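Chains X and Z, in that order, give the protein sequences. All the letters of the first sequence, read from the start, carry residue numbers 1 to 592 under the numbering used here. All the letters of the second sequence, read from the start, carry residue numbers 1 to 585 under the numbering used here.
Quick caveat, the hints were computed from the structure, so don't treat them as lab data. Please read all numbers here as calculations on a predicted model, not as lab measurements. Please note that the accuracy of each hint is not assured.
Unchecked claim - Partial list, derived from the structure: chain Z residues whose beta carbon lies under 10 Å from chain X:
#1 N92
#2 V219
#3 L287
Said to hold, decoys possible - Using 25 Å as the maximum straight-line C-alpha spacing, the simulated BS3-like pairs for lysine-lysine come out as follows:
#4 X/K520 to Z/K555
#5 Z/K341 to Z/K331
#6 Z/K117 to X/K481
#7 X/K408 to Z/K218
#8 Z/K458 to Z/K471
#9 Z/K16 to Z/K197
#10 X/K421 to X/K370
#11 Z/K23 to X/K227
#12 X/K193 to Z/K23
#13 Z/K467 to X/K355
#14 X/K400 to Z/K218
#15 X/K462 to X/K450
#16 X/K355 to Z/K471
Cβ coordinates follow ideal geometry from the N, Cα and C atoms, glycine included.
Chain residues, written in single-letter form:
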Amino acid sequence: MKKLLKHMKGYGKECVLAPLFKMLEAIFELFVPLIMARIIDFGIGNQSQPYVLKMCGILIALGVIGLTCSITAQYFAARAAVGFATRLRHLLFSHVQSLSFSDMDQVGTSTLITRMTSDINQVQNGVNMVLRLFLRSPFIVFGAMIMAFTIDVKAAMIFVVIIPLLSIVVFGIMAVSIPLYRKVQTGLDRVLKRTRENLTGARVIRAFGKEDTEFEEFQESNQALVKMQIFVGKISALMNPVTYVMINIALVVLIWTGALRVNAGDISQGEVVALVNYISQILVELIKLANLIVTITKALACANRVQSVMDIEPEMPKYASERKVNNLDCDTEAKINIPEENNQITFEHVSLTYKGAGAESLTDIDFEIKKGDTFGIIGGTGSGKSSVVNLIPRFYDVTKGRVLVNGKDVRDYDLNALRSKIGMVMQNAVLFSGTIRQNLLWGNPQADDKQLWEALEIAQAKEFVEQKSKGLDEVIEQGGKNLSGGQRQRLTIARALVRKPEIIIMDDSASALDYATDAKLRQAITNLEDSMTVIIVSQRASSVRTANQILVLDDGAAAGLGTSDELLKTCKVYKEIYGSQFKIDKKGGAAV
Amino acid sequence: MSSIKATSRQKDTLRKVLRYIKKYWLYLIASLLFAVFSVAFTLYIPILTGNAVDMIIGEGQVDFVSINHIIRKMIIVIILTGISQWVMNACNNKITFQVVQDIRREAFARIQILPLKYVDSHGHGELVSRVIADVDQFADGLLMGFTQLFTGVLTILGTLIFMLTVNVSITLVVVFVTPVSLFVAAFIAKKTFHMFKLQSETRGEETSFVEEMIENQKVVQAFGYEQRALDQFDEINDRLGACSLRATFFSSLTNPATRFVNSLVYTGVGLTGALIAINGGITVGQLSCFLSYANQYTKPFNEISGVVTELQNALACAGRVFELIEEEPQKADDEDAVILKNPDGQVDMQHVEFSYVPQQPLIRDFNLHVEPGQRVAIVGPTGCGKTTMINLLMRFYDVNSGSIQVDGHDIYHVTRDSLRTSYGMVLQETWLQSGTIFENITMGKPDASMEEVLEAAKASHAHSFIKRLPKGYDTLIGEDGGNLSQGQKQLLCITRVMLCLPPMLILDEATSSIDTRTEIKIQEAFARMMQGRTSFIVAHRLSTIQEADIILVMKDGNIIEQGNHESLLAANGFYANLYASQFVG
Chain X
1 MKKLLKHMKG YGKECVLAPL FKMLEAIFEL FVPLIMARII DFGIGNQSQP
51 YVLKMCGILI ALGVIGLTCS ITAQYFAARA AVGFATRLRH LLFSHVQSLS
101 FSDMDQVGTS TLITRMTSDI NQVQNGVNMV LRLFLRSPFI VFGAMIMAFT
151 IDVKAAMIFV VIIPLLSIVV FGIMAVSIPL YRKVQTGLDR VLKRTRENLT
201 GARVIRAFGK EDTEFEEFQE SNQALVKMQI FVGKISALMN PVTYVMINIA
251 LVVLIWTGAL RVNAGDISQG EVVALVNYIS QILVELIKLA NLIVTITKAL
301 ACANRVQSVM DIEPEMPKYA SERKVNNLDC DTEAKINIPE ENNQITFEHV
351 SLTYKGAGAE SLTDIDFEIK KGDTFGIIGG TGSGKSSVVN LIPRFYDVTK
401 GRVLVNGKDV RDYDLNALRS KIGMVMQNAV LFSGTIRQNL LWGNPQADDK
451 QLWEALEIAQ AKEFVEQKSK GLDEVIEQGG KNLSGGQRQR LTIARALVRK
501 PEIIIMDDSA SALDYATDAK LRQAITNLED SMTVIIVSQR ASSVRTANQI
551 LVLDDGAAAG LGTSDELLKT CKVYKEIYGS QFKIDKKGGA AV
Chain Z
1 MSSIKATSRQ KDTLRKVLRY IKKYWLYLIA SLLFAVFSVA FTLYIPILTG
51 NAVDMIIGEG QVDFVSINHI IRKMIIVIIL TGISQWVMNA CNNKITFQVV
101 QDIRREAFAR IQILPLKYVD SHGHGELVSR VIADVDQFAD GLLMGFTQLF
151 TGVLTILGTL IFMLTVNVSI TLVVVFVTPV SLFVAAFIAK KTFHMFKLQS
201 ETRGEETSFV EEMIENQKVV QAFGYEQRAL DQFDEINDRL GACSLRATFF
251 SSLTNPATRF VNSLVYTGVG LTGALIAING GITVGQLSCF LSYANQYTKP
301 FNEISGVVTE LQNALACAGR VFELIEEEPQ KADDEDAVIL KNPDGQVDMQ
351 HVEFSYVPQQ PLIRDFNLHV EPGQRVAIVG PTGCGKTTMI NLLMRFYDVN
401 SGSIQVDGHD IYHVTRDSLR TSYGMVLQET WLQSGTIFEN ITMGKPDASM
451 EEVLEAAKAS HAHSFIKRLP KGYDTLIGED GGNLSQGQKQ LLCITRVMLC
501 LPPMLILDEA TSSIDTRTEI KIQEAFARMM QGRTSFIVAH RLSTIQEADI
551 ILVMKDGNII EQGNHESLLA ANGFYANLYA SQFVG
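The following block holds chain Z by itself, in its conformation from the complex (with noise of 0.2 Å):
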């Protein structure tokens, strides 16, 4: 039942394959054409081998001329079938590295539109070896399918034929015993499929903690927890060795088992050759001629259940990857969405319900009037889901029912790039591109100017620090900042916002690591940043949350009160309770 399945889940993977070729059925028509030139070629190689010896019958017995004569004509053909193979071979890889790219190209561009919960719940490692080592792994496979498959089942199609223009008795003996191989080849790769399957799932397993500790190696060095990752590594690694050696071993069986089958071909092409040729039926060089044929033959064979093995590998990495490609994008812009332009940033949101988790319910019935240039707080107890409602202005995640609209218009008819640009967001997590400080501050304005990222730099209080750095602006960061504090980190990413100052702000905890004299210089910055544009601000600061004009104090992922400073402190609530409580360190 379950390998019914199996198969027909590789049947629909080897038709999204074949899509992707299509597109390059041109080199495609070449490398078919040139393997049928190829295998011609190659199969009259032993017929004239064949002519050839019957002319050497014995001493003083061989006809020079017709030798002469044959070889000739061998020469030229070895030299065509040569031509036709390199051809053959260069379009073949052409055709699996393009579709490799394309596939690629997909998967990431599918990346760029999943919805970020997607991106948030699985393992980066496990993704990225989807992209990477899932599509080398089909790439492999693929060539491999490519070179070999066509020629091998042209090989056998030719020789048949040429076999049956010779001597049709020996040539029955051939194709009755030779299906064996088959039969068996199929029969090994449908049992080793399975196997492929875990030790691909295992091995994405192993690759997402690789991931996990090799990142983390600090903490891990730390808490001294060397030998239990490794441990827990072993764990993993052993079953991924157990499973490995178990397809690798099945898989390697087909091998043998077709070479076995082989022998019996041509044994059986010996007997009954010899056996018709003592009664004169056929020639010596005939005989020769069948039994490089039955080698021919049945090669082609092994080739395939090979290819056949290596391409239910090549189909199983494949069927990960469009797993990933076909996974639901986020919804697509509506085909009228507005296009927001400098939204004055009167932000509303209307009986907004929203949960990460069905069956729990976070934020429930919530509504808000923001003005344009407002600003808003957002305070509470650490992990009341404060970043919850970035995630629904920013439209990262959808609320359940309910709206929240810019500027009048429903932001889930707007089209996403826009709603999102018009927002200035500085996330709690810093994230820096490798590449340059430059490229990183002008992400959201590439064609900013030298003076305009300046300019910004020196608002932000980044520029002291940057231009300490060995090439100042154009000093190379590596993958996440590495070499930068967090401190420092941050205020690119503030540089970053200021450089392209949207209409509206999004503050996450901003400032966190930045040490309080920093912190009063960005706070004047972040204050002329703000004037004029309707900002959103979780933050610790009193300072900040007492010049909110609309504090909304959160509880367990829900907005319990709503209100400025004052009234808030009237209302002797929840936030009056932690206002108070703000002193007592």
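Okay, chain X solo, but in the shape it has when bound (with noise of 0.2 Å):
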């Protein structure tokens, strides 16, 4: 939570002002008591009734100004209270936003949308309730027992007992239902991850009938999140009756030392009164306090939660300064040792290990790409061809060896700058919801419609568009829900082309086309003008056949690297995928 209060910056001005105007309304409520005292003691004791009317006039005056400083207050406290919580979303999001491929793995997405949900509205009630009582109630409780000593100095002190105790056992109850109210999130955040999972696995979870195990599953999460909310509704609620008791008590203690005192002739009547009144006072403001440290102690508890997101060090600095400077040397040195001045991509000695991974995943890559070729990499599944072009881009840090892209270390680059010059197209054919044209111009922001068409030509993607009633203007559901696989393949693979990138990176990204289609796009990207370095990951060997080079993966290693030709005679594996290809093709009776 401290560290999340810095944020508050640019918010002082209002969180100095919304306590202090609420102090302000506090210390005139404060007068109250002792003007009904001298209304009781002067006015009736002397029947003067001009007196109490005029008494009666300061009472509305106070009131009229407690009303304006308590408007005031309540202003700046959801100025301030907003404010904080609208930066602190956008800082969580950008700060997302900066993390790295392998931190979000760890993270987990649902984690982050609950930060950045829910738990911040709840910071937001708990920073409005604090500056907007939190401070006054005890100001008030205070303020009530120093009032008390102006009027009698022993009765006073049955406040000095009583407050130290209601604090201990507000603070008790606070300390014991913190932690539980952490578990009850926990909870809730399993709660959020079942009805997720769910919607995102409908048909799967249809198609196999298990709608009724499903419910059952989230019953039982359900069930275990009330049962916790239950038990810590019962600690959080002895805070009420015990202040009351407590509170009351002091009350019978103060009427009994007032009989003595008014006995004694120390004190009058109408100050006993007063003194009553200042025992309620303390206890109406007990009462918010109690109902406010619920909420306070559900605030900080999601405070912390999205402070430790917000510690997530982004494993991937943005950009390469520090590095720089550190590496001197070694850039020196690789410009030396730079091989030919037209490579794009070099691997050197590759490995990569996963955080949290037992084995490589990558072992000794080696390899080098010129400019304007055309790279195959094919192996089976799970050999590695994601991570080797994972590391292009970046999205992965080496744990030996070396990634170059024109001659200069990945991690030299600023990520930005290495980026743009890379147009990826995933596995995952994502869309995001928006129009055809929103979502092309992820690829690059200025692009006319003429840049997209062209694009869009390319990935074969122009004859569905232009069949779109609405063309470039189609709306797309989120995930792309209203376009098949392949169409889905396509924009992606026309998103990535808008950049006009040096490199682009096709990763199985043409599964669900058929080889019709896969080989138009092919020889359409090969055609173009200012040729691009094209890397194709596939399954398929067609895909790759035609490559410059082709790298065969298999668990990790290298197990050829060569032309198709050339593979064929020496890497057994790539024989093997390729017979078995070309079998099914011979069976189709159609020439090669």
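With the hints as a guide, bring both chains together as one complex.
And the structure:
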């Protein structure tokens, strides 16, 4: 929470003014019993009507001033709380943007989403309440005590004893319930996860007729959550009654003491009434405080969880400056070592171990790709094809060796500069809600319609986009649900092409396309005027067959590197893959 | 006009909430009862205090015997109050969270039977936020409402009665001034309802956006879209900030405003009380009692108004949840619906018409007859609507007209469950549940033994990668199989179907992300699996297509040709063309 508070900066004025005006209001409130005591002692005692009227006029004036102060305070509190929450959401979102792939893998998306939504809402609530009440209540409590001293020191001693006792109870209950509230939140996370999973898997769940099991499992976490909530509720429910009993016992003691003091002639009857009033003012504030504490404990727990996300150090700094300073030597050395000017991508004995994984996912991968070449990567499931291409835009960092783009270590690039050179088409064809145009503009926000249509044409998507009634302005639903898998893939390819990248990487991204479309697509890309370096990851031998070089991967290691013809002679794995595909072709009776 | 509509909707929502609470009537009665106790006791204290003050007149004029007596009474009353309060709070807690549980349960249950069309066309983030965040907000409001509304109303009534017994004219002053407070509170609540609704909607919008971006963070980063995403986020976020500020500020006006009215009441009591006391109408003790009543009487008005805003907010949230709960579910199975049991797998489609959007007809007058055990390959250029066939066969979507039959039973007169479990389905999009590998495989057959699972995994060639995982079949996989590759996920999905082997199969480009070597092996396993089973295969592999008994050639959502490989080639139509182009690359 403390660390989060620094983001309140800029709301300093509000944070001071809100409680300040609250306190002003409280001060005016504290005068009320004193004035009432005067009315009793002098007004009633002296039978003076004008005096009573005058005092009542003062009371109303106090009320008006209090109202003004309070409204001012509410305004500043709302501004500070909402402004703080808005900024916090902004910061959290931008922080998440800076997290690396492996950070994201570890935190999990549903956690991040709760942090950003309901957690921050709770924090906003908490801040608002704190500014409005948390200072006001203790102020009234102590203020009432001080006022009691002005009336009678002996009677005021009761306040001195009861207030610390009450604080102990209030804070004790708070200390017990905070960790419990945290547990409640974890339970809520579980319920959230179940719901989300159920929605994304709706088709499969129904296909297997598992609705009932799903429901039971949901109920299980749902019930666990409620059990916890009720338990915590029982503890916080103690707060009100306990404070009530304590304060009223104090009242009894006060009456007794008051009786003795009046009898001895030390104070007047009106002053006893004033003291009683102060005690009941304390009670009212304490009840408010107790209710408030529930909100605050919740808010604190939420704030801590928000903070824990903020605390994740992005694994890759956005800018490479730090490294540059440290590795100057390394850099100059690299320059000498650049083998050939026209090498677009170089892998130097690269190995990769994912965080938390037991074994290497890539072992000693070594190859060079020339500018404008087409490079194929083929291999079995889990052989590390995606891992290889993910290293080029530096989605992950190598654990051994180096990856060079245009002769420069990817770690020495500004991340954005590096990634802007690369058009990446991923295995999962992800589109975003919005129009087709908006999706394509991801590649390059400045692209005009002509460029978009060009990209669509190359990606073999022109035809179906043209057929949409609204063309480029056709709306895509979340996740691209209103398009087929193949359509989505072609749009993601077009999106990457809109960038006009130096390097285009297609990570098994034509899998939902039929052979004919796939072939046309590849043809169109290689026919482009300003030739791109093309990297094709595929399961299909036919997709990579015409590449200038093919890397064959087997279990994270290179099993072969060369042209299709060379590999057919030298590489057993490639031969097997090619053979299996070729056999299928032959059965079809088609000439290759 | 719109505000009238809004309040009637609110009342409607409130009625529904009450229906949920009804179930816990025992707790409700207990809560009410103890609320009455605690209020009555609480109100008795000022009277006793007033009595005591009257025994303390001045120097040497204190009646200690009476005071002693009063004090003893007070202590008993105080303790009883504490107990009543606690019991009441505990009951309210219980009711609130049970109701929340019930609502969540119903919302979730409703999601299970909503037509897929609804699930497909609503942002998941938005639905999740209804089940989670909205219900939570509702709970907060309900709890506050419970604990404070009852006691508030009771306190007001109780105070009135007590006050009337002491002095009528002072009571009248109180009664005339306080409604102002209620009026002010109601006015503010009414004005802020829309602000809260706007806030809740904007929040939903933001959640949807956040979900989309965070779930696809990899794409976001690959395109260097971070800054633009942040800009878009900020736009929504700022809007949320603005409407949130309005809602928060205006609703928070209630407190100061009512407190001001209170101070008027307090002054009024002081004034009339003092004037009456001057004429000897009441004692100082009674005045002191009145003053604390003036506090106690007006305090609930504050609270009630606070509760009213909170309840408004809660109702707005509840309304959104109920909207989901009341969403038209898919048509229930007919009461006399047939339960398909191991059907032979004869599938007929007659005069089927279907479209996703009413204005855009997709499938028109489609007829198909599939004998048990036949293989149907669905082919066509990408995006021709092949998955639509699956949506219809599995009854994920209902046809507009025409009929689909399995073994002569119209599928609309067959239980959905038995229809769907008669198909083994491997979809293009793999979906795995968080849980162990074993749990995922046995999804369709929860009582499967380890041996059966091993056998299925070996048959689908998933065994070799599973055994290499840190904990083998007990390895936990994250949400949506996060830590597995696309191909591995697909293998698991295939294993899942292998294990239960239903009489009919639907394979949707199932092998697209599995390498050819593995695929050959899977094809073999599939061939074995498909033997004697009616199979629908959305595939691009020539071998699969050639071996099919029936090939459906689709284009633009419509089936344009139908026949087997030879007959379609002979027809020299679209299929022949397509076939010839397969080998361009």
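Those earlier numbered hints the structure runs against, lowest number first: Structure breaks hint 12 only.
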